[in-house]
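Chains as they are written, first to last, in the numbering used here: chain A, 1 to 370; chain B, 1 to 304.
These are calculated hints, taken from the structure and not from any lab test.
If you're wondering where the values come from, they're calculated on a predicted model, not measured in any experiment.
One thing to keep in mind: the hints can contain errors.
As the list claims (entries may be wrong) - Looking from chain A toward chain B, a few residues come up when the C-beta cut is under 7 Å (computed): (1) P83; (2) Y84; (3) N89; (4) R113; (5) F185.
To be verified - Only pairs whose alpha carbons sit at most 27 Å apart, straight line, appear in this in silico DSS-like list of lysine-lysine: (6) B:K195 - A:K141; (7) A:K118 - B:K195; (8) A:K294 - A:K254; (9) B:K213 - A:K141; (10) B:K224 - A:K141; (11) A:K139 - B:K66; (12) A:K254 - A:K328; (13) A:K345 - A:K178; (14) A:K118 - A:K177; (15) A:K178 - A:K336; (16) A:K139 - B:K213; (17) A:K139 - B:K224; (18) A:K141 - A:K118; (19) A:K178 - A:K136.
Glycine included, C-beta positions come from ideal geometry on N, C-alpha and C.
The chain contents come next:
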Amino acid sequence: MAPVIANTDPDVLLRIEGVSKVFDGVVKAVDNVSLSVSKGEIFALVGSSGCGKSTLLRMLAGFETPTSGRIYLSGQDITDLTPYQRPVNMMFQSYALFPHLSVWDNVAFGLRRDGLRKAELAERVDAMLSLVQLSKYGKRKPHQLSGGQQQRVALARSLAKRPTLLLLDEPLGALDKKLRETTQFELVNIIEQVGVTCVLVTHDQEEAMTMASHIAVMDEGYFLQVGTPDEVYEMPNSRLVASFIGNVNIFEGKVDEDEPDHITVRCPECTHYVGHGISGVPGMNVGVALRPEKIQLSAQQPNKAHNWCEGEVVEIAYFGAHTTYHIKLNTGMNLKVQQANLTRKTADDLTWGDRVFAHWSRDAMVVLTE
Amino acid sequence: MMFKSILPRIHGLFTVRNLVIAVPMVWLFALAAAPLLLVLDISLAHMNITSVSSIWHWADDELTLKFNFGNYLYLGDDSLYFKTYLSSLTFAAVTTLYCLVLGYPFAYFIARAPAHLRSVLLMLVMLPFWTSFLLRIYAWKALLSDNGVVNQGLAELGLVSSPLHMMHTSFSLTIGMVYAYLPFMVLPLYATLVKLDGRMLEAAADLGASPFKTFWLVTVPLTKRGIIAGSLLVFIPAFGEYVIPELLGGPRTLMIARVLWDEFFSNNDWPMASAVTIVMILLILVPMALFNRYNDETKLGDKS
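Isolated chain A, as found in the complex (with noise of 0.2 Å):
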């Protein structure tokens, strides 16, 4: 597979050509990766654990050197630059914080190996504990502070230096799902706030999501798609991306026709009239995929040749705002739909056994060829 350009861009800060990095001599971690990265933008990288996006961040941090392949920020070539010599912070997985130090003294270390005159440096420690709202808690040490306050002390710490580029590891991994969701949306404001660029790994696609500007999600040491979130969501490039990023149906068919404004692909549970931009040699063997979101369910059979089938409810998962149905199609496919509560739940709602019909419109899915 061809390395993806992420975009062209003539404000790129972060380049990466070609990079690999290989350990032991035989596990590629890193798979020949080229990328670009916009100057004031969060990058996200996604994937499972072993992934290669770690390796990937710790060379851009320069724990790491690439066996093969170049780095450039800001058009410099950093990539035989020590982690001490490069303009690049980083906000570690749980955090990393100094034990013997205060919150003060963790935020000034830094700036410390900067040489800064003691008002400018006391200025600028104060400006960054204030931008975490942690003015009060400057003289605690970090094992005296709950996991979120903790997590805007590192945020503070590797904003300190005023880094060119900002790489964020996990950053909400160590928090409750609760906390996370408020800290996702303070981590970005203070981020747009300081206007720094950002290259954030997770293996969670829904901070990747709501993070980003740009994902890349990887696999096996590289890029298998690169894009916008809305783009990796609704317009995944293959099987792997489009059940990596959320949920999804997919249908294993053939393409049997392929006209200039649809291709119809048949599959052993519908055929699926796909009406965008998509062609195809008739009888190639494709996937189709369908979020779960994308698919209404009604007792009435629908009444068109097309997107549609018929199954038995054999799960509910009820989430309050919206339930999740898998429907048991006649070939035994588990077909996953997800219904907006948008009335109070009442007694005639769908329940386990009843016969439904699944449906959708001719826009709702995606034709994968990998």
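Position chain B against the provided structure of chain A, taking the given hints into account.
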């Protein structure tokens, strides 16, 4: 009534938990506290030709305690004691310093070695313990004496015309002490270094600290406990060391343990020897108490 209320209390003393604690408590009292009190008792007594006087007097239904502070006052009068204490402290401090300077890179290297090599390397550190301590100190005699291995080697290479005099100097003493106590420094240092979070070092580098600065500002403070524990493990026994100064030290090397030996066996003055011991213990208790306080503070700090 009284009886009834006391009985459960006595009964409460013999819980399993108390009995378990009692074993080490009795042990500590019988083998540490009691002898120490005995030494203190003797140090306040007189020496009568062959026996030690008692500080306890029972006459006319009255118990009188007679403390003789003469021994302690004499310690202050004779400058020899002061010099010896000072010299012992200096030797112990120098030994500790050398052990730290040698032991730190040693421990650092072991802690950073691949996991499967670490136990082998640690084994090598402890290997000398498998031979007799006395034998190992004697071996240094064979190495450092005027016609010893080192001088023979140097002469062979034509580097020296007459043998270097190394035995029975403070040089040979220091070498022997550092050699003997190095493992006591390496082991606690290793224990803290191996637990050091590598991400701390990366964070320091990321924030612009050079490797040297990282070492000084992060590694050393985070391994402070190992440094203190190792230093105490070396300093305390080195201060009271007798065998090494006796075998490797010069005739005029002043070490407190040798004075102690002389008081006991040459002068046969037990009260004086006991007074020397008590002061020695007090001198050791000071750094020990400081360490304990530091330890308590950091223990509170570690509660995260």
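**Restraint status (C-alpha distance of A:K139 to B:K224 at most 27 Å)** = Holds, because 21 Å separates the two Cα atoms, which is no more than 27 Å.
**Item:** Holds or violated: B:K224 to A:K141, with C-alpha atoms at most 27 Å apart
**Value:** 17 Å, holds
**Asked** Going straight from one Cα to the other, do A:K254 and A:K328 come out at no more than 27 Å?
**Response** 22 Å, holds
**Asked** When you check the alpha-carbon spacing of A:K178 and A:K136, does it fall within 27 Å?
**Response** 24 Å, holds
**Request:** Please work out if B:K195 and A:K141 have their alpha carbons no farther apart than 27 Å.
**Result:** 20 Å, holds
**Message:** Just to be careful, I want the Cα atoms of A:K294 and A:K254 compared with a cutoff of 27 Å; is the pair within it?
**Reply:** It holds: about 22 Å lies between the C-alpha atoms, which stays within 27 Å.
**Prompt:** Going straight from one Cα to the other, do A:K118 and B:K195 come out at no more than 27 Å?
**Reply:** 34 Å, violated
**Request:** Closer than 7 Å between Cβ atoms is the bar; does A:F185 clear it against chain B? Give me holds or violated.
**Result:** Status violated, d = 26 Å.
**Prompt:** Should the hint that A:R113 touches chain B count as held when the rule is a Cβ pair under 7 Å?
**Reply:** 4 Å, holds
**Agreement of A:K139 and B:K66 with the hint, judged by alpha carbon distance not exceeding 27 Å** = Not OK: A:K139 and B:K66 at ~55 Å, beyond 27 Å, violated.
**Prompt:** Keeping to a limit of 27 Å between CA atoms, is the pair of B:K213 and A:K141 held or broken?
**Reply:** At roughly 21 Å apart (the allowed maximum being 27 Å), A:K141 and B:K213 satisfy the hint.
**Prompt:** When you check the alpha-carbon spacing of A:K345 and A:K178, does it fall within 27 Å?
**Reply:** Measuring from Cα to Cα gives roughly 25 Å; hence the hint holds.
Violation of the numbered hints given earlier is confined to hints 5, 7, 11 and 14; the remaining hints are satisfied by the structure.
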